[in-house]
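Trainee: Listed below, chain by chain, are the residues.
Number of protein chains: 2
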Amino acid sequence: MTDSAPPLDFYFDFSSPYGYLMSEKIDAVAARHGRKVRWHPILLGIIFKATGSAPLTLQNPAKAAYSIHDFERSARFMGIPYRHPSRFPLATQNAARAYYWLDGQDCALARQFAHAVYRALFVDDQDISAPETVIEIAAKLGVDRSNLENALQSPEIKARLKDEVDNALKIGVFGSPYVVIDGEPFFGADRLPQIEKWLETGAF
Amino acid sequence: MTDSAPPLDFYFDFSSPYGYLMSEKIDAVAARHGRKVRWHPILLGIIFKATGSAPLTLQNPAKAAYSIHDFERSARFMGIPYRHPSRFPLATQNAARAYYWLDGQDCALARQFAHAVYRALFVDDQDISAPETVIEIAAKLGVDRSNLENALQSPEIKARLKDEVDNALKIGVFGSPYVVIDGEPFFGADRLPQIEKWLETGAF
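For the record, the sequence lines run as chains W and B. First residue of the first sequence: 1, per the working numbering; consecutive thereafter. First residue of the second sequence: 1, per the working numbering; consecutive thereafter.
FYI, nobody ran anything at the bench for these hints, they're computed from the structure. Keep in mind that a hint or two might mislead.
One copy or any two copies: either way a pair holds, since identical chains are not told apart in the list.
[As the list claims (entries may be wrong)] Within a straight-line C-alpha distance of at most 20 Å, the following computed EDC-like cross-link-like pairs (lysine to aspartate or glutamate) qualify:
#1 Lys49 with Asp127
#2 Lys158 with Glu200
#3 Lys140 with Glu184
#4 Lys63 with Asp166
#5 Lys140 with Glu156
#6 Lys63 with Glu164
#7 Lys197 with Glu72
#8 Lys25 with Asp9
#9 Lys158 with Asp103
Assemble the whole structure, with the sequences as input and the hints as a guide.
Mentor: Take a look at the structure:
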């Protein structure tokens, strides 16, 4: 790490539509300003339980209907393919654990894996809650299946994910995506223009 | 009304920070595309009760703190003055009733009044829940005080506001601001870029 500017922190859940939209843009936006991004998959189920919140599609019917419409329209607006999953929301601890295990070995591979998981869910409608699906996605990137299968059950990896979720709660993360730049928090894919301006000007 | 394109509908509560931000932009955005805007003040208290929701600042502490920070930063981003009110949220039925009464007589004056109410709350920290404040704001625009004082208690005006709130609920409004363009709904001041693109392209 010879970069002088510290990396951005990007908190997201693998079942978050707006997290997916952010994931397709944030690295390039940061790179334009000479910054890198640390990715932190977290579990919104735990965050929502701790903060007394709920997924958009499980709130009132008007908001739920609007949200699904907005996921699709926001994706078109941002030029990103999107098909609302038939299983939604769904559990993401296997995907998140796999991410942290891969990240410990090869952070570029972990990033590729994260993109592949998001696209499997939001483009190809795969059941990424299943360990088999997560393992299959990783195997296509050259990862050894049985090593990953073991890793998904390892106490160290489970503890790493728990620590990440605990830390997210501690710094005030209440939803996904949540991006922190030099201590400044931005919630939602629709804050990308503000993120760009913040990176450009240092603050505003 | 000789315009061929139908007006946009803009639903908002006078205590909504993002509604205020939208109010400072929506007429000009619509005008750039030859469209007018119908303004509909509504009561979020009733909308939230009906939909089981709550103001952002009365949700969990992390979200509440972020929201106040985001109101201020979003205002700076949009070039709009903003000072978070010391009374917040607050009741807005007097402001909304005054709006509908004025609108029945002079829609341009009603629009001026709406801007003045929003700025009284979000720039000058006035207590716009009080009928005296609402009457004072209107009087500065040349409105007769006692006529307005009577209007605030008139059954017709109370019924008009109730009808507007009922209609908003019926078409799916669950928060403020909520803009409808030819049947297409947009929730939040951060949907302005999508609104602009929609007006430009007819759809996307």
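Trainee: Pop the pair Lys158 and Asp103 into one bin, within, between, both or neither, using alpha-carbon distances up to 20 Å.
Mentor: within (14 Å within a copy, 61 Å between copies)
Trainee: Treating 20 Å as the Cα threshold, decide for Lys63 and Asp166: within, between, both or neither.
Mentor: between (29 Å within a copy, 16 Å between copies)
Trainee: Between Lys197 and Glu72, at a C-alpha cutoff of 20 Å, which is it: within one copy, between copies, both, or neither?
Mentor: between (25 Å within a copy, 15 Å between copies)
Trainee: Which holds for Lys140 with Glu184 at a C-alpha limit of 20 Å: within a copy, between copies, both or neither?
Mentor: This pair counts as neither: shortest intra-copy Cα distance 37 Å, inter-copy 40 Å.
Trainee: Is it within, between, both or neither when you check Lys63 against Glu164 at 20 Å Cα-Cα?
Mentor: For Lys63 and Glu164, the Cα distance is within 20 Å only across copies (19 Å; inside one copy 29 Å).
Trainee: Are the CA atoms of Lys25 and Asp9 at most 20 Å apart within a copy, between copies, both, or neither?
Mentor: Cα proximity of Lys25 and Asp9: one copy only (14 Å, versus 32 Å across).
Trainee: With identical chains, the pair Lys158 and Glu200 could be close in the same copy or across copies; at 20 Å between alpha carbons, which is it: within, between, both, or neither?
Mentor: So Lys158 and Glu200 fail the 20 Å test inside a copy (37 Å) and across (49 Å) alike.
Trainee: Quick one: Lys49 to Asp127, C-alpha cut-off 20 Å, is that within a copy, between copies, both, or neither?
Mentor: neither (23 Å within a copy, 36 Å between copies)
Trainee: Evaluate Lys140 and Glu156 at a C-alpha cut-off of 20 Å and name the case that applies: within, between, both or neither.
Mentor: neither (24 Å within a copy, 68 Å between copies)
The structure fails hints 1, 2, 3, 5 (numbered hints given earlier, in ascending order).
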